[in-house]
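Protein chains in written order, with my numbering: chain E, 1 to 355; chain A, 1001 to 1136.
Hints in this document: simulated from the structure, not taken from any laboratory. Where hints are given, some of them may not hold.
[To be verified] Straight-line alpha carbon distances no greater than 25 Å define the calculated PhoX-like cross-link-like pairs of lysine-lysine that follow:
no., chain 1, residue 1, chain 2, residue 2
1, A, LYS1073, E, LYS348
2, A, LYS1073, E, LYS353
3, A, LYS1073, E, LYS339
4, E, LYS20, A, LYS1073
Quick caveat, the model's predicted, so the values are computed rather than measured.
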Amino acid sequence: MPTTLRRTALYDRHVAAGAKLVEFAGWEMPVQYEGVRQEHTAVRTDVGVFDVSHMGEIETSGPQALELLQRLISNDLARVPVGGAQYGLLCREDGGVLDDLFTYRLEAERWLTVTNAANHEQDLQWWRAHVGELDVQVDDRIDDYAMLAVQGPRARELVQAISDAPLPPRMTAATRRLLGAQMLVCGTGYTGEEGVELLLAPADAPALWDELIRRGAVPAGLAARDTLRLEACYHLYGNDLSSERGPIEAGLGWCCVEDTGFVGSDAVRAVRAAGPRERLVAFAIDGPGIARQGNPIVGGGEVTSGTLSPSLGIGVGLAYVPSEHAPVGTRLQIDVRGKMRPAVVREKPLYRKGS
Amino acid sequence: MSQDGYPDDLLYHPEHDWARIDAEGSDPARPEATLGITWYAQDALGEVVFFEAPAVGTLLVQDAPYAEVESVKAVSDVVAPLSGEIVAVNETLADSPQLINEDPYGDGWMVRIALSDPSERDALMDAEAYFATLGG
């Protein structure tokens, strides 16, 4: 691998654990350790830990920080109290999606937004291009944070045991000391399980990682992260979200508040009123086979994410289809490299706790 | 990985496929071979979750893909090391594709073919030569 790839603070831990490392958005990241199915199952039934330090962070602060964020992000950040978190989208004027991001309100006038690794630099430029006359400071914080996601039914209990104070509830964030190191603990995740995401100084990450593993967390790689999020029907930017399609098509109208006047809000309002031509649906293959990103759908549309669901044991995925084919139960034919595979539109999420 | 992962009684194709040409049990005028993927191939792919064999009677052409093998993350072509007509397929792989990982040269075999041109074997490598291509 070229030496120009960036490595997280946990690189040595991944190598020692026998991880298979791959290039991902300019980073050398663990795609799997023991095996994707074992890691997936650990998160569904017990607890797993992911190194997601490749994700970027942008800090927005100052008297008009909220004004800038309201202009950039599709959701209504004025509704977020200090300590709260919110999911939203970054859109172009035409409504095309530039990124999907979580924003945490650290203080009244200080916010932290987590970006996708591949989009971080572009997001940062987008932020700075929109500052204009606003009294606001934009800081690139990607080098200041490592990020661990601890996920699974036992995740909160495991992290609680090493925390100096009760963990913040779902969709909120709080500063805590874990093993004596101060960090931002967020009640968020990308797996469909309970858990927390931890943003901390890179220098503190190895000791925390070791302690989480010692307490039984299974190291889990990007491959398991992908199967888990797909079963939970969380969007992956670059697959299910792109600048070619808008939030309404993606089923993300719930995180768009057009009245805030965010960049792209007019386009979103128009599509919401007229109804989208295409919709993102969850599907399951009826029979053998696995559909993959890019597979066309007979009658229009394409698969944007596809895998074998380790929990369900069948091929599943997300696809854009013409709106008339979007109702749950609609039968689809997917062209999987020349073989027609029947599939059925399913309810989201594809996997639900206890199913 | 040691050379032990590559049995001496097999012939190897550079696309990480193996062939075992049967000395007996078949018509000497039209020998048969069993085909599969190598230890290296299954390790690179990770856990195999799907393999669909072509139908008996399908004609394979040396160096051309004849099937696909899929892990959770990726799809990979399976290339024919030799030309011939499929006379049997490993039906157990439909329900137990992990056998390709667990026993790539045994229970993880994929198809059996009647060779159409036994001299094609000259283009294949022995275990030592194949192992050398993997860079140790």
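Checked hints:
1. Distance check on the hinted pair: A:LYS1073 and E:LYS348 sit about 21 Å apart at the alpha-carbon level, within 25 Å; holds.
2. Proximity of A:LYS1073 to E:LYS353 is assessed by CA-CA distance (about 23 Å); at most 25 Å being required, the pair is judged to hold.
3. With a C-alpha separation of about 19 Å, the suggested pairing of A:LYS1073 with E:LYS339 holds against the 25 Å cut-off.
4. For a cut-off of 25 Å, the pair hint linking E:LYS20 to A:LYS1073 stands: about 13 Å separates their Cα positions.
Checked against the numbered hints above, the structure breaks none of them.
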